[in-house]
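Take a look at the letters that make up each chain.
Protein chains: 2
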Amino acid sequence: MKKNIRIGVIGCGTVGSCFIKHFNQKKRLFKNRTGIDFSLVKVSDRNAGKKKLFPSLYTPVIEEITSGKDVDIVVELIGGVEPAYTFIKNAIRSGKSVVTANKALLSEKSVELFALAEKHNVHLGFEASVASAIPIIKSLRESLVGNNISRLMAILNGTTNYILTQMSIHGGNFSQALEKAQKSGYAEADPTLDIEGLDTAHKLSILSALAFNKPVSWRKIFSEGIKKVDTLDIKFAGDFGYRVKLLAIAKRQGSKVELRVHPTFLPQNHMLSGVEDVYNAVYIEGDMSGKSLMYGEGAGGNAAASGAIGDVIDIGKKLAAGNNMRLPLTYENKKLSVVPIKDISTRYYFRFTVPDKPGVLAKITDVLGRNGISIASVIQKEESKDFAVPVVILTHTAKEKDVQKSLREIGRLSIVKFPTVLIRVEE
Amino acid sequence: MKKNIRIGVIGCGTVGSCFIKHFNQKKRLFKNRTGIDFSLVKVSDRNAGKKKLFPSLYTPVIEEITSGKDVDIVVELIGGVEPAYTFIKNAIRSGKSVVTANKALLSEKSVELFALAEKHNVHLGFEASVASAIPIIKSLRESLVGNNISRLMAILNGTTNYILTQMSIHGGNFSQALEKAQKSGYAEADPTLDIEGLDTAHKLSILSALAFNKPVSWRKIFSEGIKKVDTLDIKFAGDFGYRVKLLAIAKRQGSKVELRVHPTFLPQNHMLSGVEDVYNAVYIEGDMSGKSLMYGEGAGGNAAASGAIGDVIDIGKKLAAGNNMRLPLTYENKKLSVVPIKDISTRYYFRFTVPDKPGVLAKITDVLGRNGISIASVIQKEESKDFAVPVVILTHTAKEKDVQKSLREIGRLSIVKFPTVLIRVEE
Numbered sequence: 001m002k003k004n005i006r007i008g009v010i011g012c013g014t015v016g017s018c019f020i021k022h023f024n025q026k027k028r029l030f031k032n033r034t035g036i037d038f039s040l041v042k043v044s045d046r047n048a049g050k051k052k053l054f055p056s057l058y059t060p061v062i063e064e065i066t067s068g069k070d071v072d073i074v075v076e077l078i079g080g081v082e083p084a085y086t087f088i089k090n091a092i093r094s095g096k097s098v099v100t101a102n103k104a105l106l107s108e109k110s111v112e113l114f115a116l117a118e119k120h121n122v123h124l125g126f127e128a129s130v131a132s133a134i135p136i137i138k139s140l141r142e143s144l145v146g147n148n149i150s151r152l153m154a155i156l157n158g159t160t161n162y163i164l165t166q167m168s169i170h171g172g173n174f175s176q177a178l179e180k181a182q183k184s185g186y187a188e189a190d191p192t193l194d195i196e197g198l199d200t201a202h203k204l205s206i207l208s209a210l211a212f213n214k215p216v217s218w219r220k221i222f223s224e225g226i227k228k229v230d231t232l233d234i235k236f237a238g239d240f241g242y243r244v245k246l247l248a249i250a251k252r253q254g255s256k257v258e259l260r261v262h263p264t265f266l267p268q269n270h271m272l273s274g275v276e277d278v279y280n281a282v283y284i285e286g287d288m289s290g291k292s293l294m295y296g297e298g299a300g301g302n303a304a305a306s307g308a309i310g311d312v313i314d315i316g317k318k319l320a321a322g323n324n325m326r327l328p329l330t331y332e333n334k335k336l337s338v339v340p341i342k343d344i345s346t347r348y349y350f351r352f353t354v355p356d357k358p359g360v361l362a363k364i365t366d367v368l369g370r371n372g373i374s375i376a377s378v379i380q381k382e383e384s385k386d387f388a389v390p391v392v393i394l395t396h397t398a399k400e401k402d403v404q405k406s407l408r409e410i411g412r413l414s415i416v417k418f419p420t421v422l423i424r425v426e427e
Numbered sequence: 001m002k003k004n005i006r007i008g009v010i011g012c013g014t015v016g017s018c019f020i021k022h023f024n025q026k027k028r029l030f031k032n033r034t035g036i037d038f039s040l041v042k043v044s045d046r047n048a049g050k051k052k053l054f055p056s057l058y059t060p061v062i063e064e065i066t067s068g069k070d071v072d073i074v075v076e077l078i079g080g081v082e083p084a085y086t087f088i089k090n091a092i093r094s095g096k097s098v099v100t101a102n103k104a105l106l107s108e109k110s111v112e113l114f115a116l117a118e119k120h121n122v123h124l125g126f127e128a129s130v131a132s133a134i135p136i137i138k139s140l141r142e143s144l145v146g147n148n149i150s151r152l153m154a155i156l157n158g159t160t161n162y163i164l165t166q167m168s169i170h171g172g173n174f175s176q177a178l179e180k181a182q183k184s185g186y187a188e189a190d191p192t193l194d195i196e197g198l199d200t201a202h203k204l205s206i207l208s209a210l211a212f213n214k215p216v217s218w219r220k221i222f223s224e225g226i227k228k229v230d231t232l233d234i235k236f237a238g239d240f241g242y243r244v245k246l247l248a249i250a251k252r253q254g255s256k257v258e259l260r261v262h263p264t265f266l267p268q269n270h271m272l273s274g275v276e277d278v279y280n281a282v283y284i285e286g287d288m289s290g291k292s293l294m295y296g297e298g299a300g301g302n303a304a305a306s307g308a309i310g311d312v313i314d315i316g317k318k319l320a321a322g323n324n325m326r327l328p329l330t331y332e333n334k335k336l337s338v339v340p341i342k343d344i345s346t347r348y349y350f351r352f353t354v355p356d357k358p359g360v361l362a363k364i365t366d367v368l369g370r371n372g373i374s375i376a377s378v379i380q381k382e383e384s385k386d387f388a389v390p391v392v393i394l395t396h397t398a399k400e401k402d403v404q405k406s407l408r409e410i411g412r413l414s415i416v417k418f419p420t421v422l423i424r425v426e427e
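If you read the protein sequences in the order shown, they are chains A and B. Using my numbering, the first residue of the first sequence is number 1, and each one after it goes up by one. Using my numbering, the first residue of the second sequence is number 1, and each one after it goes up by one.
Don't read these hints as lab results, they were simulated from the structure. Some hints could be false.
Copies of the same chain are indistinguishable here, so a pair counts whether it falls within one copy or spans any two.
What the hints assert, rightly or not - Below, simulated BS3-like cross-link-like pairs (lysine-lysine); rule was C-alpha separation at most 25 Å, straight line: (1) Lys89 to Lys26; (2) Lys251 to Lys381; (3) Lys291 to Lys401; (4) Lys291 to Lys21; (5) Lys381 to Lys363; (6) Lys335 to Lys26; (7) Lys26 to Lys291; (8) Lys235 to Lys381; (9) Lys180 to Lys381; (10) Lys335 to Lys27; (11) Lys342 to Lys401; (12) Lys256 to Lys26; (13) Lys251 to Lys27; (14) Lys27 to Lys342; (15) Lys52 to Lys357; (16) Lys335 to Lys31; (17) Lys3 to Lys334; (18) Lys69 to Lys342; (19) Lys31 to Lys119; (20) Lys405 to Lys363; (21) Lys291 to Lys183; (22) Lys334 to Lys227; (23) Lys21 to Lys342; (24) Lys109 to Lys227; (25) Lys363 to Lys399.
For clarity, every value in this text was computed on a predicted model and none was experimentally measured.
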């Protein structure tokens with residue numbers, strides 16, 4: 001049995017630095033917990049200035065890590081599709097196992113990467129790619145493996161959850177909340193990937209492959225961002241007993257699965273409604289496990305390093321034992337198809353902005369009624385001093401395509417001067 | 001590579017029946033998710049009437065499972081120390097891997113069983129022994145392996161959590177809530193192990209071995225049950241902004257660890273405070289992972305079977321790959337010692353029952369003050385019609401030994417006619 005496992009790290013940013021620091025400090029802990037000696041042998045970063053931090057480990061030559069003889073596991077912590085994809089392919093082809101936190105890459109290339117890993121008899125760990133320290137990847141692949149999962153709903157993006165929490169607590173608008181998030185280091189200078197729900201779609205693509213044995217590119221996942229959510233909507237949500245959260249939603253129905261990312265009305269007493277600030281959480285309904293929730297830090301260097309170190313040690317144990325136990329991404333369920341967004345049914349919240357005149361509500365409800373959409377509640381507040389007032393409606397379960405048709409018809413009514421806000425509801 | 005893994009099940013009660021049902025229904029799912037054929041080859045139960053349920057699988061002869069040539073993994077689902085201990089030892093000595101949900105056995109014999117499993121090169125899975133479907137065992141052993149864990153707090157007993165939830169929501173007393181739990185099937189006819197906190201201590205003994213590399217018999221864990229918790233205490237907890245929960249608490253402080261089970265005042269906004277009814281949850285603070293919570297169904301046949309099937313498939317994959325990767329219970333940290341309860345410090349809630357006369361509060365606070373116990377809040381309600389009234393006090397952090405000394409002194413005061421209630425506080 002091999003008792004010494006050697007690690008090379010590519011990328012010394014926030015996550016890389018935390019990984020290296022803890023890895024070096026805890027070699028004895030790892031030995032105590034596994035019986036194996038883990039050692040960090042090489043570190044690289046495109047910024048040669050990092051050499052100062054790790055003078056004895058730093059190399060500017062990536063190939064010394066991806067194909068060096070003295071490396072067993074390559075830890076890729078640079079993010080983004082390229083050059084990470086090239087580095088990882090090179091490492092796998094050189095017989096290295098790989099640990100990565102790269103959700104953008106995996107949501108695009110997981111099938112190719114796992115096929116390559118299988119071909120070269122190496123392991124590929126990616127726990128830190130979704131929800132950092134929350135062990136959701138391992139739980140889906142291993143602990144819950146006996147379950148048919150009917151529904152998964154998750155808060156997977158700290159930036160947007162922070163913004164929605166700020167708007168909910170302090171009542172500021174989206175721009176103010178975004179600015180605060182940027183000042184606190186919780187949002188990038190260019191927050192597009194987060195705000196538009198694309199980062200969440202990346203992660204949902206990874207989780208749904210594991211939960212439903214169906215790899216789906218994130219590009220095929222319906223995604224709506226949180227820009228359209230106004231403080232008014234959050235207030236009305238409260239009036240109806242709901243919170244607004246950006247959710248990744250996956251629902252299995254027989255041979256079909258719904259996959260979507262959008263702002264969502266969620267009952268105030270739902271477990272996910274209490275998940276605030278930059279925290280992440282994943283809620284799962286399994287046919288044996290019942291309802292469960294995993295909650296924790298979904299971002300930050302230490303949390304991501306916690307997930308990556310878990311992977312390194314897992315793979316190290318397998319290598320030490322003779323490298324016979326690989327875990328494929330999934331054995332694909334080819335019969336399963338993804339439901340297009342137009343074919344879903346759910347409950348809806350609409351906010352219309354209309355003149356405060358008699359007959360306006362009747363015109364709107366007439367269109368909804370003709371399209372088979374049944375209304376559960378209406379709030380029309382008296383604010384007659386303004387030119388236009390909000391009218392909000394919560395529907396019973398309706399078909400997305402009927403809803404879209406209705407909103408197009410309502411949009412053509414002369415009374416509607418501003419775009420209508422639509423937010424889907426989950427119970 | 002071995003592609004067929006054969007399972008024998010001992011015990012066809014609630015958990016066993018669910019295990020067998022799902023196992024038989026999902027053979028194709030397991031094959032799809034692992035590439036391995038799992039088959040159930042034998043089932044036994046001391047009740048020969050079970051033969052009717054599984055005519056082709058049932059055997060009255062336990063040895064056909066524990067030492068039969070056609071069994072790879074023995075699943076023990078009978079519970080209790082004996083005869084389960086004997087069956088498992090026989091299975092291990094015959095070279096079988098074992099999966100068990102038996103917390104009573106593991107909290108007593110885990111060190112011996114893991115040594116025996118190591119000697120015979122077999123695997124021992126026990127995910128379902130604590131919190132059933134919540135993957136807390138795997139998370140502590142694998143996902144969080146890179147963390148130094150500073151604190152673990154958990155609700156691990158559904159019966160007591162159900163009773164406390166009932167008392168909290170409906171205001172009934174302990175006996176009424178227990179009766180309701182028994183009627184609903186959430187409490188045993190003899191609920192002693194649950195009510196007295198011993199079942200929780202069993203489970204804390206298992207978790208702390210993994211979190212702190214320190215196997216400690218449940219007999220050495222300080223345990224207090226919930227019988228002493230009165231509806232009044234739950235009401236006062238609410239007045240102070242707390243909930244009352246029966247918690248398993250483990251705290252690491254350098255080379256020492258506190259392990260205790262008792263009713264606890266927990267802030268209303270703590271994640272564990274929202275865990276109601278028979279649900280379980282484990283809250284963990286790690287130096288990398290930060291604060292995390294795992295929540296789910298901690299009891300019931302399906303939830304326990306979910307954990308056991310996860311173990312069976314994990315072990316099956318290892319056997320299929322050549323059986324080289326065993327996981328020891330832990331490499332013991334012999335330097336770590338357990339803090340005796342008298343040496344802990346925390347905040348305390350006291351409820352004194354005293355005559356409603358001038359000077360009574362002064363006598364009590366005088367004793368506390370002389371023992372160095374500082375008071376944070378006092379509630380003394382005016383209910384002068386009664387012979388005796390409650391006086392409740394919430395302290396700042398104090399030493400347990402000072403607290404016990406004070407309560408003994410106060411107990412000797414002529415004004416104190418009823419036992420004083422003490423409940424420890426966690427933040």
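**Item:** Hints violated by the structure (numbers, ascending)
**Value:** Those not satisfied are hints 1, 2, 3, 9, 14, 15, 18, 22, 23, 24.
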